[in-house]
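Read top to bottom, the protein sequences are chains A and B.
Its first residue numbered 1, the first sequence is counted upward by one per residue in the numbering used here.
Its first residue numbered 1, the second sequence is counted upward by one per residue in the numbering used here.
If you're looking for bench data, these hints aren't it; they were derived computationally from the structure.
Please note that a few of the clues may not be correct.
Identical copies look the same in the list; a pair holds intra-copy or inter-copy alike.
DSBU-like, lysine-lysine: derived pairs with alpha carbons at most 35 Å apart [as the list claims (entries may be wrong)]:
no. : residue 1 : residue 2
1   : Lys216    : Lys68
2   : Lys68     : Lys194
3   : Lys194    : Lys210
4   : Lys37     : Lys207
5   : Lys180    : Lys68
6   : Lys16     : Lys68
7   : Lys214    : Lys16
8   : Lys207    : Lys16
9   : Lys207    : Lys10
10  : Lys214    : Lys37
11  : Lys207    : Lys153
12  : Lys10     : Lys194
13  : Lys68     : Lys214
14  : Lys68     : Lys153
15  : Lys10     : Lys216
16  : Lys210    : Lys180
17  : Lys9      : Lys68
18  : Lys153    : Lys16
19  : Lys153    : Lys10
20  : Lys9      : Lys207
21  : Lys16     : Lys194
22  : Lys180    : Lys153
There are 2 protein chains.
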Amino acid sequence: MEAFEEAYKKSFPFWKDISENEREYLCRHSTRINYSKGTTIHDGTDCSGVFFIRSGCLRVYIMSEEGKTVTLYRLHAGDMCMLSASCVIQAITFDVLIDAEEDSECYVISSSAFASVSESNPQIKIFALELAVTRFSDVMWVMQQILFMSLDKRLAIFLSDESARLDSDIIPLTHEQIAKYMGSAREVVSRMLKYFSNEGIIESSRKEVKILDKQKLRRLIL
Amino acid sequence: MEAFEEAYKKSFPFWKDISENEREYLCRHSTRINYSKGTTIHDGTDCSGVFFIRSGCLRVYIMSEEGKTVTLYRLHAGDMCMLSASCVIQAITFDVLIDAEEDSECYVISSSAFASVSESNPQIKIFALELAVTRFSDVMWVMQQILFMSLDKRLAIFLSDESARLDSDIIPLTHEQIAKYMGSAREVVSRMLKYFSNEGIIESSRKEVKILDKQKLRRLIL
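Only chain A is shown next, with the shape it has when bound in the complex (with noise of 0.2 Å):
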């Protein structure tokens, strides 16, 4: 209880302003959960409530019908995710996936709980929806990317966004992955990836891609 109601005082503004049985009803109807790397944790089916990513890293991505998926973002420490607690906000009619990338831990408040609080107090409810705006926005600019945006852009974009991610020029990733965080083919990205190698950009193997010469990548972006 006590670990629930230290972490949302730090991160919900509206902390302050509700009472302290309301306080008291959403640590309650809080749990714990680990999850570890590769899980899905929610399948977009039911409403699975609001979750707090403690530590960690979850992906929020769509699927079409034949398994094909595209990432929309990640959530990390101190992240909030209201699209699988969807039910909370009715203006939501579409569903996500979200899978842990890594061992992660979740400090999840049940959807009922959360509605329920949320009914008598305007100031969650605008936070709530401006989390789900804020999300708008991301999924918007990965629209942008995948419909407009050549593919030596977008991947010279990833690369570079997970080497300032990981403090590091090792992504340790494999082509597959790549693929499937681009919603693209691995083919396509295998293709592109060498590419960047006769181009001196990157250093290619089975498992990862080291960056060589950041100001080339970064020139592909520009």
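Given chain A, work out where chain B should sit, using these hints.
Just chain B, lined up with the frame of chain A:
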């Protein structure tokens, strides 16, 4: 002024909850604007205001640097648009473009007036955010269509949606226009229309598409 009041009373669920002064203030900062077909109403660079569509049809879309466009959704009489007033909602960090697809009449509430009244009324904020999240759902649908659905299915859905909207078997659009709405290339759409034509599903001329066999068209969608 009275026309604004009349329309807002019907459409804004929060209208009765705000003060007489605030209602007057919103009406005083409203403008009635007529746009002729083809005009760009909002080019994404400034905060044009909250649009309330009285008649006609607006197309909301995104555009690549090379001028390729993808329609996100259309707005008809009675609809409202918050994305044209993205400055009101901080969580919106992307821009859209809006064209008048037909001669259209709009009431436009100035962004700053709307923002200032919503600042003291959480119900307005919730209304605006919910509207934005509803569009998020629309956009996710478009994205799923574009990313995952085969062109025959997408084209069949487009034609039967248009036919239902116009309540007519004749869709008065050129191949070029259809391609534009679908975020596809003209040649690709023409080829598919020719295929539909060969199948006896439609009859296509330079200026319009006529649906001949609704059942067959529907079977493509399922």
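Hints and how they fare:
Taking identical chains as interchangeable, the C-alpha atoms of Lys216 and Lys68 lie at most 35 Å apart whether they share a chain (31 Å) or sit on different chains (27 Å). When the C-alpha separation of Lys68 and Lys194 is checked against a cutoff of 35 Å, the pair qualifies both within a copy, at 23 Å, and between copies, at 28 Å. Proximity of Lys194 to Lys210 under the C-alpha cut-off of 35 Å is restricted to the intra-copy arrangement: shortest distance 12 Å within a copy versus 48 Å between copies. Within a single copy, Lys37 and Lys207 get their C-alpha atoms as close as 17 Å, which meets the 35 Å cut-off; across copies the closest is 55 Å, which misses it.
Both within a single protomer and between protomers do Lys180 and Lys68 lie at most 35 Å apart by alpha-carbon distance, with minima of 8 Å and 25 Å respectively. In the homo-oligomer, the alpha carbons of Lys16 and Lys68 never lie at most 35 Å apart, since the shortest distance is 43 Å inside one protomer and 48 Å across protomers. Proximity of Lys214 to Lys16 under the C-alpha cut-off of 35 Å is found in neither arrangement, the shortest distances being 46 Å within a copy and 58 Å between copies. In the homo-oligomer, the alpha carbons of Lys207 and Lys16 never lie at most 35 Å apart, since the shortest distance is 47 Å inside one protomer and 62 Å across protomers.
In the homo-oligomer, the alpha carbons of Lys207 and Lys10 never lie at most 35 Å apart, since the shortest distance is 38 Å inside one protomer and 60 Å across protomers. In this homomeric assembly, Lys214 and Lys37 come within 35 Å of each other (Cα to Cα) only inside a single copy, at 30 Å, whereas the closest approach across copies is 48 Å. Proximity of Lys207 and Lys153 under a CA criterion of 35 Å is satisfied intra-copy only: 22 Å inside one chain copy versus 38 Å between copies. Taking the shortest alpha-carbon separations for Lys10 and Lys194, neither the intra-copy value of 46 Å nor the inter-copy value of 60 Å comes in at or below 35 Å.
In this assembly of identical chains, the alpha carbons of Lys68 and Lys214 lie at most 35 Å apart whether taken from the same copy (31 Å) or from different copies (30 Å). Taking CA atoms no more than 35 Å apart as the test, Lys68 paired with Lys153 passes in both settings, with 21 Å inside one copy and 17 Å between copies. For the homomeric pair Lys10 and Lys216, neither the shortest alpha-carbon distance inside one copy (41 Å) nor that between copies (57 Å) is at most 35 Å. Taking the shortest alpha-carbon separations for Lys210 and Lys180, only the intra-copy value of 18 Å comes in at or below 35 Å, while the best inter-copy value is 40 Å.
For a Cα distance limit of 35 Å, the shortest separation of Lys9 from Lys68 qualifies neither inside one copy, at 39 Å, nor across copies, at 46 Å. For a Cα distance limit of 35 Å, the shortest separation of Lys153 from Lys16 qualifies neither inside one copy, at 45 Å, nor across copies, at 51 Å. Taking CA atoms no more than 35 Å apart as the test, Lys153 paired with Lys10 passes in neither setting, with 38 Å inside one copy and 48 Å between copies. Taking the closest pair of Cα atoms, Lys9 and Lys207 never come within 35 Å of each other, the shortest separation being 41 Å inside a single copy and 61 Å across copies.
Taking CA atoms no more than 35 Å apart as the test, Lys16 paired with Lys194 passes in neither setting, with 54 Å inside one copy and 63 Å between copies. For the homomeric pair Lys180 and Lys153, the shortest alpha-carbon distances inside one copy (16 Å) and between copies (24 Å) are both at most 35 Å.
Hint compliance for this structure: hints 6, 7, 8, 9, 12, 15, 17, 18, 19, 20 and 21 are broken, all remaining hints hold.
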